[in-house]
Amino acid sequence: MGEIVGSAESVTVMDMEASLEHLSRGTVRHVDALLVVAEPYYRALETAGRTVPLARGLGIERIYAIANKLRSAEDEKAVMDYCRNHNLEVIAAIPFDEDVATADRMGCAVIDYDASARLVTEVGRLADTLRSMVSGNGLVDKEPLPGEATGRC
Amino acid sequence: MKIAISGKGGSGKTTISATLARMFARQGHPVLAIDGDPNPNLGVALGLNAGQLARLQPIPRDVAKREQDPDGKFRLVITKSVEEITDNHAVTGPDGVRVLMGSRVDHPGAG
Numbered sequence: 000m001g002e003i004v005g006s007a008e009s010v011t012v013m014d015m016e017a018s019l020e021h022l023s024r025g026t027v028r029h030v031d032a033l034l035v036v037a038e039p040y041y042r043a044l045e046t047a048g049r050t051v052p053l054a055r056g057l058g059i060e061r062i063y064a065i066a067n068k069l070r071s072a073e074d075e076k077a078v079m080d081y082c083r084n085h086n087l088e089v090i091a092a093i094p095f096d097e098d099v100a101t102a103d104r105m106g107c108a109v110i111d112y113d114a115s116a117r118l119v120t121e122v123g124r125l126a127d128t129l130r131s132m133v134s135g136n137g138l139v140d141k142e143p144l145p146g147e148a149t150g151r152c
Numbered sequence: 000m001k002i003a004i005s006g007k008g009g010s011g012k013t014t015i016s017a018t019l020a021r022m023f024a025r026q027g028h029p030v031l032a033i034d035g036d037p038n039p040n041l042g043v044a045l046g047l048n049a050g051q052l053a054r055l056q057p058i059p060r061d062v063a064k065r066e067q068d069p070d071g072k073f074r075l076v077i078t079k080s081v082e083e084i085t086d087n088h089a090v091t092g093p094d095g096v097r098v099l100m101g102s103r104v105d106h107p108g109a110g
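These protein sequence lines map, in sequence, to chains A and B.
Numbering of the first sequence is given in numbering that gives the first Met the number 0, commencing with residue 0 and proceeding in unit increments.
Numbering of the second sequence is given in numbering that gives the first Met the number 0, commencing with residue 0 and proceeding in unit increments.
Source of the hints: derived by calculation from the structure; they are not laboratory data.
Errors might be hidden in some of the hints.
[Said to hold, decoys possible] Computed from the model, here is a short list of chain B residues facing chain A with C-beta under 7 Å:
#1 T13
#2 L45
#3 Q51
[As the list claims (entries may be wrong)] Quick look at which bits of chain A chain B covers, simulated, 3 or more residues with Cβ under 8 Å:
#4 77 to 86
#5 111 to 120
#6 125 to 131
No experiment lies behind these values; they were computed from the predicted model shown.
All residues carry an ideal CB built from backbone N, CA and C; glycine is no exception.
In isolation and in its complexed conformation, chain A is listed as follows (with noise of 0.2 Å):
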């Protein structure tokens, strides 16, 4: 089991800016995805709009969208209308869930609060996704780790 997990590949996760106006082609040179998490609503969807051609001048390749805080079918459809109008792919769609703002009243992350939350469930999704995407097929099947409790949750 040790020797499974030592020899999965390791993976950053970057929590950006708002803006990658600042950004340099050497900061995000080895970024293998960027994820622009976009809400169904217009100038969250033009924000999201105006960071792709950015990041794609600074040589990021695979660029994806995220619909997030989603309520009803309705705004699934502009998130994806938007994104297909701007040739950008949906890699995952998540529902409004107030598990997230009950999470962050109470100062814990959402996966400590709920496991089972929807928005937990989704995400989960997307790192299976990740994997297939960006890595290829050369990672081992690992056991997943038991959740560890925090205990503040």
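Using the hints, position chain B against chain A.
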């Protein structure tokens, strides 16, 4: 694998970044999470406890220096290895996720 996540403030990018980091860790990957937001709250979203949050400090400025490109543009160049930065400044949180808080440099007017 290196994944960057951007989005408008309030879009949920920090929640998604943190959850993605925790999920990869639970799948057995060694995970490094980097908070590159000038208003940093990735640590809380990852579920760091009070002690861990107190230890999570911005990477000192001396890990990067300004250099001028041939075309006159300034950019930041890392002067230490990623391993050295991580060993000295990362805080280990739930599921073994290691967290770094980006250096507060080069952002006049931010925050």
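Status of each hint after checking the structure:
1. T13: The hint holds - T13(B) has a Cβ within 7 Å of chain A, the shortest such distance being about 5 Å.
2. L45: Check passed: Cβ of L45(B) comes within 6 Å of chain A, closer than 7 Å.
3. Q51: violated, 10 Å
4. 77 to 86: Since three or more residues must qualify, the claim that chain B covers the stretch 77 to 86 of chain A is violated, with 0 doing so at under 8 Å.
5. 111 to 120: holds (count 3)
6. 125 to 131: holds (count 4)
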